[in-house]
Amino acid sequence: MKNFEYYLDATSEIGFVQKVNDAIVYTDGLPSVKPEEIVLFETGEYGMTLSLTADTVEILVFSKKFTRTGTRVVRTNEFIKVPVGQRLLGNIIDPVGNPITPMKSSKTPLEYRLINNPATGILSRITINRQMETGVPLVDLIMPLGFGQRELVIGDRKTGKTNFLMQTILSQAKQGNICIYAAIGKKVLDIKEAEEFFRKNNIMDRVIIVYSRFQDPIGITYLVPYSAMTIAEYFRDQGEDVILVLDDLVTHAKFYREISLLGKRFPGRNSYPGDIFFTHAKLLERAGNFITSKGEKSITCLPVVESTQGDLSGYIQTNIVSMTDGHLYFDTELFAKGRRPAINPFISVTRVGRQTQSGIKRDINRELLSFLTIYEKMQNFSHFGAELNEGIKSTLDFGEKLTAFLDQPLSTITPLSVQIILFAMLWNNKIQNNTESIDKDIEKIVSVYNTNKDVKKLIDDLVSNSTSLNGLLTIIKDKGKDLLQLLGSK
Amino acid sequence: MQNSILIYFDILTSLRTTEDLNELSFEIDNLLSSIFETNNQSFDKALKSISIDTAKKINDAISKNGINTANKELIRNFLDGLKKLLGKFKTIRLIISIDPSHNVIENIHNWVVSNLGEGYLLDIETNQNLLGGAIIEFDGKYKDFTVKKDLENVFLSKKITL
Numbered sequence: 001m002k003n004f005e006y007y008l009d010a011t012s013e014i015g016f017v018q019k020v021n022d023a024i025v026y027t028d029g030l031p032s033v034k035p036e037e038i039v040l041f042e043t044g045e046y047g048m049t050l051s052l053t054a055d056t057v058e059i060l061v062f063s064k065k066f067t068r069t070g071t072r073v074v075r076t077n078e079f080i081k082v083p084v085g086q087r088l089l090g091n092i093i094d095p096v097g098n099p100i101t102p103m104k105s106s107k108t109p110l111e112y113r114l115i116n117n118p119a120t121g122i123l124s125r126i127t128i129n130r131q132m133e134t135g136v137p138l139v140d141l142i143m144p145l146g147f148g149q150r151e152l153v154i155g156d157r158k159t160g161k162t163n164f165l166m167q168t169i170l171s172q173a174k175q176g177n178i179c180i181y182a183a184i185g186k187k188v189l190d191i192k193e194a195e196e197f198f199r200k201n202n203i204m205d206r207v208i209i210v211y212s213r214f215q216d217p218i219g220i221t222y223l224v225p226y227s228a229m230t231i232a233e234y235f236r237d238q239g240e241d242v243i244l245v246l247d248d249l250v251t252h253a254k255f256y257r258e259i260s261l262l263g264k265r266f267p268g269r270n271s272y273p274g275d276i277f278f279t280h281a282k283l284l285e286r287a288g289n290f291i292t293s294k295g296e297k298s299i300t301c302l303p304v305v306e307s308t309q310g311d312l313s314g315y316i317q318t319n320i321v322s323m324t325d326g327h328l329y330f331d332t333e334l335f336a337k338g339r340r341p342a343i344n345p346f347i348s349v350t351r352v353g354r355q356t357q358s359g360i361k362r363d364i365n366r367e368l369l370s371f372l373t374i375y376e377k378m379q380n381f382s383h384f385g386a387e388l389n390e391g392i393k394s395t396l397d398f399g400e401k402l403t404a405f406l407d408q409p410l411s412t413i414t415p416l417s418v419q420i421i422l423f424a425m426l427w428n429n430k431i432q433n434n435t436e437s438i439d440k441d442i443e444k445i446v447s448v449y450n451t452n453k454d455v456k457k458l459i460d461d462l463v464s465n466s467t468s469l470n471g472l473l474t475i476i477k478d479k480g481k482d483l484l485q486l487l488g489s490k
Numbered sequence: 001m002q003n004s005i006l007i008y009f010d011i012l013t014s015l016r017t018t019e020d021l022n023e024l025s026f027e028i029d030n031l032l033s034s035i036f037e038t039n040n041q042s043f044d045k046a047l048k049s050i051s052i053d054t055a056k057k058i059n060d061a062i063s064k065n066g067i068n069t070a071n072k073e074l075i076r077n078f079l080d081g082l083k084k085l086l087g088k089f090k091t092i093r094l095i096i097s098i099d100p101s102h103n104v105i106e107n108i109h110n111w112v113v114s115n116l117g118e119g120y121l122l123d124i125e126t127n128q129n130l131l132g133g134a135i136i137e138f139d140g141k142y143k144d145f146t147v148k149k150d151l152e153n154v155f156l157s158k159k160i161t162l
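Taken in sequence, the protein lines are chains A and B.
By the numbering used here, the letter at position 113 of the first sequence is numbered 113, and the numbering carries on one by one without gaps.
By the numbering used here, the letter at position 119 of the second sequence is numbered 119, and the numbering carries on one by one without gaps.
No lab work stands behind these hints: they were computed from the structure.
One or more hints might be untrue.
In the SDA-like style, the derived pairs of lysine to any residue whose C-alpha atoms are separated by at most 20 Å in a straight line are [to be verified]:
id	chain 1	residue 1	chain 2	residue 2
1	B	LYS141	A	THR403
2	B	LYS88	A	TYR6
3	B	LYS159	A	THR69
4	B	LYS149	A	ASP9
5	B	LYS149	A	ASN3
6	B	LYS143	A	THR11
7	B	LYS149	A	ALA54
8	B	LYS149	A	SER12
9	B	LYS141	A	ASN77
10	B	LYS148	A	LEU8
11	B	LYS148	A	GLU111
12	B	LYS149	A	TYR6
13	A	LYS2	B	LYS90
14	B	LYS143	A	THR53
15	B	LYS159	A	ASP9
16	A	LYS19	B	LYS57
17	B	LYS90	A	ASP441
18	B	LYS149	A	LEU8
19	B	LYS90	A	ALA10
20	B	LYS88	A	LEU8
21	B	LYS88	A	ALA54
22	B	LYS90	A	PHE16
23	B	LYS141	A	ASN98
24	B	LYS141	A	THR71
25	B	LYS148	A	PHE4
26	B	LYS148	A	ALA10
For clarity, every value in this text was computed on a predicted model and none was experimentally measured.
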């Protein structure tokens, strides 16, 4: 951005601050200023035009510094832009592109893109038809997600939402996709923890963190998700599949509410402004599965929303549920029971994920869901203390094993092919009879799969050549022991 | 009392700059507080709390419009009306390189009155770095007609750096 005098000469327009209301400033003058245009104060701060009247211009200031009345303001004829480019990978930036640490120099200059782009039209969109692997069996087998899906991650505080998101980013970054983590109004420590996780797992070169801290100016925090989406759009146009995590939209809504109330907008439900739905809808609408010049590319958006005491009927919560293609509900009760991830499959929804599954995956999905329903019923039944027959006992016994299989240690991922083979083995009773050792077995199998190329090829071929669960089960029945031996030996 | 802008005409047209306006506004405040200071305070006595020049203008306007100076309520309405009108002036901001004399201000103001009409005040700032000419800021518009700018443009066009 150039200096104040430059814009004064270029635009030949000036305004003076008349009134200051925290982050909102009212000025006179600037007759040709446009909504959302950047304005520059003579003190060096900048802001964005929010609204215009015949006499005054309402400006959102992107600074914590106190603005004095009488300060001169100039318009810039520019709109909020974010620098985009390959150089951003591995960096932590604020929504206007300033990195925490200096970026590596590169011959390719960064390109600037508008933060508030309209969503891509319907003609450039195609059906979601590729499954996006999260590395979490509970999600990949029961609540599958597709590339381009917008799946809400909802749950109370401390129910493992961030952990699941980290696992998803880890899984996707390892597959070479671009992951953008938008930390909205977070504590510095949280941002640092996320960065450390990415660095520890050597995936930072495929990750960009767009952040705003809790103490940052409200205008800056408001821009974070839009900026992150703009960066996601850039990488999509470069021929990459992008995973975008927006953590979290309730905080974003609260900051937007603050801006609106300071701007004296009429408050609606829970004091949120009337356009809060539009504010989030215009953002999430920009994600999806697209046909680009580089083929079918997607922006998969995982917005996070925090609920209070498991209440899904909050204003922002219901708004975002209605905008997304499903939601993963993190249940406090399941978390307390020790389930990891604590996703409740009966309350969670995936509207477009199942259409991405192959025949075998759909079979597994159906079997798993129907078994879990029966298992849930049996568990309730057993609470009455009735004498259990052998059938119920075996269902409960298998249910425990299945739960142990679906539980996953934090920060680990299980490849989808391994998940399918493991499920088939479990279904055929080929894996350990005691639930305690299932975790260790899974860990060992995943490690062999990741390190032994032959085993990896064997499993991948086995899964891709199976058209139905029954077919796979027959193979496992015949060759299960050999396969287990192979997986057990490094 | 006539409820018209005309009763203040002489006072308002005597203003040239925002400094004049601020001074008048301050004096009206003084007057308003002093007429109610004591019960027996006469208006003539209260006029002594402000400058002779302003006191004369106000006195002339009051007597011309037949306002009873014994009635403090009428006086207050008169002064309140005047104060309200002061807020309606538009300001033309001039940044010039010289400290303007009274005549220069008068000439500029006359030009404004003949071209734009009444209701405009000059807000003059001095900046010797401009060398000559003026920067005009009015109604959100900014125009730089200074010698400094002209010279800068010359240097820029000839790619000379100092």
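Hints, verified against the model:
Between B/LYS141 and A/THR403, the direct Cα distance comes to roughly 71 Å. Violation of the 20 Å bound is thereby established for this hinted pair. Of the supplied pair hints, the one linking B/LYS88 and A/TYR6 is violated, its CA atoms being roughly 32 Å apart against a limit of 20 Å. For the proposed pair B/LYS159 and A/THR69, the alpha carbon gap of about 38 Å is over 20 Å, so the pair is violated. About 10 Å separates the Cα atoms of B/LYS149 and A/ASP9, which keeps this hinted pair within 20 Å; it holds.
Restraint check for B/LYS149 and A/ASN3: the C-alpha separation of about 16 Å stays at or below 20 Å, so the hint holds. With a CA separation close to 10 Å, the supplied pair B/LYS143 and A/THR11 stays within the 20 Å bound. For the given pair, B/LYS149 sits about 31 Å from A/ALA54 by alpha-carbon distance, which is inconsistent with the 20 Å threshold. Note on B/LYS149 and A/SER12: the hinted pairing holds, with a Cα-Cα distance of about 13 Å set against a maximum of 20 Å.
For the suggested pair B/LYS141 and A/ASN77, the alpha carbons sit about 15 Å apart, so the restraint of at most 20 Å is met. The straight-line distance between the Cα atoms of B/LYS148 and A/LEU8 is roughly 15 Å, inside the 20 Å bound, and the hint therefore holds. Pair hint B/LYS148 plus A/GLU111 does not hold up; C-alpha atoms about 36 Å apart against a cutoff of 20 Å. For the hint linking B/LYS149 to A/TYR6, the alpha-carbon distance of about 12 Å falls within 20 Å, and the restraint holds.
Pair hint A/LYS2 plus B/LYS90 does not hold up; C-alpha atoms about 31 Å apart against a cutoff of 20 Å. In summary, the hint linking B/LYS143 to A/THR53 is not supported, as the alpha carbons are separated by about 23 Å, beyond the 20 Å threshold. At most 20 Å may separate the alpha-carbon atoms for a hinted pair to count; B/LYS159 and A/ASP9 meet this at roughly 18 Å. For the proposed pair A/LYS19 and B/LYS57, the alpha carbon gap of about 33 Å is over 20 Å, so the pair is violated.
Note on B/LYS90 and A/ASP441: the hinted pairing is violated, with a Cα-Cα distance of about 82 Å set against a maximum of 20 Å. The suggested pairing of B/LYS149 with A/LEU8 holds, with an alpha-carbon distance near 12 Å, which does not exceed 20 Å. Between the alpha carbons of B/LYS90 and A/ALA10 the distance comes to roughly 25 Å, so the proposed pair goes past 20 Å and is violated. The suggested pairing of B/LYS88 with A/LEU8 is violated, with an alpha-carbon distance near 27 Å, which exceeds 20 Å.
With a C-alpha separation of about 16 Å, the suggested pairing of B/LYS88 with A/ALA54 holds against the 20 Å cut-off. For the hint linking B/LYS90 to A/PHE16, the alpha-carbon distance of about 13 Å falls within 20 Å, and the restraint holds. For the hint pairing B/LYS141 with A/ASN98, the CA-to-CA distance comes to about 32 Å; that exceeds 20 Å, so the pair is violated. With a C-alpha separation of about 16 Å, the suggested pair B/LYS141 and A/THR71 falls inside the 20 Å cut-off, and the hint holds.
Pair hint B/LYS148 plus A/PHE4 holds up; C-alpha atoms about 17 Å apart against a cutoff of 20 Å. Pair hint B/LYS148 plus A/ALA10 holds up; C-alpha atoms about 16 Å apart against a cutoff of 20 Å.
The structure fails to meet hints 1, 2, 3, 7, 11, 13, 14, 16, 17, 19, 20, 23 from the earlier list, while all remaining hints are met.
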